[in-house]
Amino acid sequence: MQKSYFCMEQKYKIMKGSKGSETKMTIREEAFKLFLTKDFNIVPLKQIERSLNLSRGCMSYHYPTKQELFNDVIDYYILHKQNANNKMQGAFNLSLLEFIHFYVDKVASTKNEMQQFLSDDDPNNITNAYLKLISQAECYYPNFKQIAQEIKQYEVIMFEKVIKRAQEKKEIKPELDSLLLAQHFRYLFYGQSYDDALNNGLDVDRLKKQFMFLYNIIKY
1 MQKSYFCMEQ
11 KYKIMKGSKG
21 SETKMTIREE
31 AFKLFLTKDF
41 NIVPLKQIER
51 SLNLSRGCMS
61 YHYPTKQELF
71 NDVIDYYILH
81 KQNANNKMQG
91 AFNLSLLEFI
101 HFYVDKVAST
111 KNEMQQFLSD
121 DDPNNITNAY
131 LKLISQAECY
141 YPNFKQIAQE
151 IKQYEVIMFE
161 KVIKRAQEKK
171 EIKPELDSLL
181 LAQHFRYLFY
191 GQSYDDALNN
201 GLDVDRLKKQ
211 FMFLYNIIKY
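In terms of my numbering, the sequence shown opens at residue 1 and continues consecutively.
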């Protein structure tokens, strides 16, 4: 049976109290740092063992293969972190304007959180490194494209809920297609991310200006 995006969240709820979960989390975090800047094929498990002073037996107990470790990194740092419910929890009763500020603040917070996993002398920026990791997931993680599609669809649905509410409240023009607007906001975020990845990483202030430009066009 293929993995479902929605099953990922149940997995991490169950794991919170698992025996050895702290050690597993430490291994996963160290692996994430390596996979951010190195290809799956050239990351040796021995390097992680040495950096954490772990025995081969301890590593094998938690992650018998590199593939299992890579899968867990993708599960947590991409699929779990990009869960729309996690990113937007408690925000669906906000006005669209408030939601935009909320969303951008979340983006900034996530960027700052992820930045700590790159060393100061690393030539990559976190946006570039994160997008490269997603590209690796497309190659090495089973059914990643299907799961990523589920994430995209769910995020658009969540965004559309806020937009429909804003239309009902006469905050924005009610005659506009709510689905297209939801997709446009999402495209702005991902388009800005890809564009900025080639420079110094996502410019959150610039993203906010893009969102506000669209908002001012559609407001009632």
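Honestly, the hints are just simulated from the structure, not real lab data.
Where a beta carbon is used, it is the ideal one built from N, C-alpha and C, also for glycine.
Certain hints may be false.
What the hints assert, rightly or not - Calculated cross-link-like contacts (lysine to aspartate or glutamate; reagent style EDC-like; alpha-carbon spacing at most 20 Å): (1) Lys-111 / Glu-22; (2) Lys-145 / Asp-196; (3) Lys-132 / Glu-113.
As the list claims (entries may be wrong) - Here are the in silico distance ranges between beta carbons for each label pair: (4) His-80 / Lys-46: 21 to 29 Å; (5) Lys-169 / Thr-26: 29 to 37 Å; (6) Gly-57 / Asn-93: 14 to 22 Å; (7) Glu-168 / Asp-205: 53 to 61 Å; (8) Ile-157 / Arg-50: 16 to 24 Å; (9) Gly-57 / Lys-169: 56 to 64 Å; (10) Ser-21 / Asn-216: 44 to 52 Å; (11) Thr-65 / Glu-22: 38 to 46 Å.
To see whether the hints hold, each was checked on the structure:
Of the supplied pair hints, the one linking Lys-111 and Glu-22 is violated, its CA atoms being roughly 23 Å apart against a limit of 20 Å. For the proposed pair Lys-145 and Asp-196, the alpha carbon gap of about 23 Å is over 20 Å, so the pair is violated. With a C-alpha separation of about 17 Å, the suggested pairing of Lys-132 with Glu-113 holds against the 20 Å cut-off. At roughly 27 Å, the beta-carbon separation of His-80 and Lys-46 lies within the given 21 to 29 Å, and the hint holds.
With their beta carbons about 46 Å apart, Lys-169 and Thr-26 fall outside the hinted range of 29 to 37 Å. A beta carbon spacing of about 51 Å between Gly-57 and Asn-93 contradicts the range 14 to 22 Å that was offered as a hint. The hint said 53 to 61 Å for the Cβ distance between Glu-168 and Asp-205, and at roughly 30 Å that hint is violated. Restraint check, Ile-157 to Arg-50: a C-beta distance of roughly 45 Å breaks the suggested window 16 to 24 Å.
Look at Gly-57 against Lys-169: about 60 Å separates their beta carbons, and that is inside 56 to 64 Å. Between Ser-21 and Asn-216 the beta carbon distance is about 47 Å. The supplied range of 44 to 52 Å therefore holds. A C-beta distance of roughly 21 Å is found between Thr-65 and Glu-22, which places it outside the suggested range of 38 to 46 Å.
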